[in-house]
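Asker: Working from the sequences, and respecting the hints, build out all of it.
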Amino acid sequence: MNELREINKLRDIIAALFGSDAKKEEGQYPLSVLTYILPREKFADAARALKKAYALLAAEWATDETSFGRGFGIFACYRKGSEYLIVKVNVPLEDPTFPSLSKHFVPAYRFERQIQSLMGITPVGNPDARPWIKFEDWPQDAWPLRKAFNASKPLPRVEGEYKWVKAEGEGVYEIPVGPVHAGIIEPGHFRFQAVGEDIINLEERLGYVHKGIEKKFESMSWENGARLAGRVSGDTTVAHSIAYCMALEAMTGCKLPERAHWLRAIFLERERIANHLGDIGAICNDAAFSFMLYQLSRLRELILRTNYKLFGHRFIMDKVIPGGVAVDIDSTGKKEMLSELDNISKDFEKLVVIYEESPSLEDRVRDTGILRPERARELCVVGIAARASGLNLDCRIFNPFPPYDRHDRIELGVPVLITGDVHARAWVRIQEIRESIRITRYMLENFPDGEIISSFTRPSPGISGFAAVEGWRGEIIYWLQAGPKGEINRCMVRDPSSVNWLGLEQAIPGNIVPDFPLCNKSFNQSYSGHDL
Amino acid sequence: MIRILKQIFRTGIVTEPLPRETEGEVEEVGARLQEAIRKRFRGSLTIRQVDAGSCNGCELEIHAINNPIYNCERFGIHFTASPRFADMLLVTGPVTHNMEIALRRTYNAVPPPKIVVAVGDCGCNGGIFGESYATLGAIDKVIPVDVHIHGCPPTPVALLHGILKAVEK
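Those sequence lines, one after another, are chains H and A. Positions 1 to 532 (this note's numbering) are the ones given, in order, by the first sequence. Positions 1 to 169 (this note's numbering) are the ones given, in order, by the second sequence.
To be clear, the hints were calculated from the coordinates, so they are not data collected in a lab. All residues carry an ideal CB built from backbone N, CA and C; glycine is no exception. Among the hints, erroneous ones may be present.
[As the list claims (entries may be wrong)] Okay, the calculated bits of chain A under chain H, using three or more residues with CB under 8 angstroms as the criterion: (1) 28-42; (2) 50-62; (3) 79-90; (4) 96-102; (5) 138-152.
Answerer: Right, here's the structure in full:
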């Protein structure tokens, strides 16, 4: 009963506050995620009310609905506990503006810059009108997400200037870094203002790997969309394709065989283990403790090799497809995975002891790059970064798909720390590897029989679907909308990095310049997943 | 400290022997790589990796050739942060509109012989992203490419193969 009361909370607030002004949108799936249409001027009022009820902003995006004979739609998705709620307002073509949410939710400020840059709808009241992802050399009126935009034509370059945040004063200097920056890494630009060694401000500039993914979806078939989703962020290929497929399956009412769900969960946990192993090693390496990098990258390689042997791809790419999965495991595969996990967990535990007992490492990772819990909440960060800063968020608990919904059997432990430093983010990963190994063992021992794929039908026109999946970085959200002919009209992708980059920006001031790589590694955000 | 030493000795050198299915391949590529790098680059080949728009999948596999199992350093290959010290650019794609200028500048900063290797299907032909307002597609549309390594992403062995092809050229 308690749970039921909780589920109804956000929607009750909207219903109570706006009465007949709030209309429930039909054709939104799954039915547990409600969408309310509000009058445009009430958009920010809803945000204020939901914030008071301790909801967090999960995403904000825009749609071009001219193919339905309407104008634009602006959406905000809120999360509280296990409840997701979407608020939509309609925006007429001739007056493309909407009230900004940035007064109530900090991450809105970046979501809205993106809406303004790519869809050309102005958030009224947003203090930062600079474009985001759209660079200064794009033509002003190039709004790629609009239907009228011709996406196949190359963009011309025009003159323009980006206004950086400036700091002045005696001894203040600036360090620009990137986009081609240290090592083997994705491109991004970071600009530090520093006094001596101390950083007083960090400004990020992203968008270098903007590949037009959201626009690309609109020209693809629903089946091929899963392949593109698997390439939004190569390190999270499994979680992204699961999220895409789940949103799509919710729209079509496609019911997956139990075995397909479990296989997806195994893929997801293997992806988590592999990436966390690599990350912990890389964090230690950036603290000049390369021993751990080599030890852990060896373990990571073992996982990838088993993936290749059992599933035919080192990252298990393209194995999650609409309606199920493309690859099964047999009893020898299960045995192999179990013995592999035994070996890895034995070595891993020895390395954890070394991690804990090395004072030189401890000195670097503790109290470095702190993201305070209250700040993390303000920024609505998700995933590892949230759990290291006191926010108990995990879609595997709050928005589970089978087998995670068997809370009584799996008893998934979610590590939550409150120090918010590099160590906390490393430690959350260590705990998660342990949990992932444990629940993978449980799953392998209790694996259900049956089919691995069910028939998949295309969604009917006009409906939309939502899904949230816990990738290794954190919550991934997909929102799909079918057009009037049943094609993909809009595919909104929200990688955890879209919000967590703000967390990094806030964790850096007060640290010394040489600690930046260490802090950055501890967040290890996706550039590609953010830039899209 | 004792624990670290113990773990190091317990783990031993994992670079050899390699798992059977790749053993022959890596060893053969490795011997020729070492020979070619010794002859042409006095034993040391320095690479700058440039992500011109990839999804990060290729980067993970490029990281993997540095792990103790593939251990590319034994052949004299190492990665540098500055293009000015690089003999070779390992470029992943598709080249985005927003990265085009940075890629050209990086290329210009590399001293001759400026070997360029395009990595991954996207780097070779644009891959699933193709050409659009945001992407220019293949890397050879922007800078001259010597060798292409296909795959989504290419495996570490395929990467070593491709680097060898470029060095022997």
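Asker: Going through the numbered hints above, which ones does this structure break? Give me the numbers in ascending order.
Answerer: When the structure is compared with the hints, numbers 1, 5 turn out to be violated.
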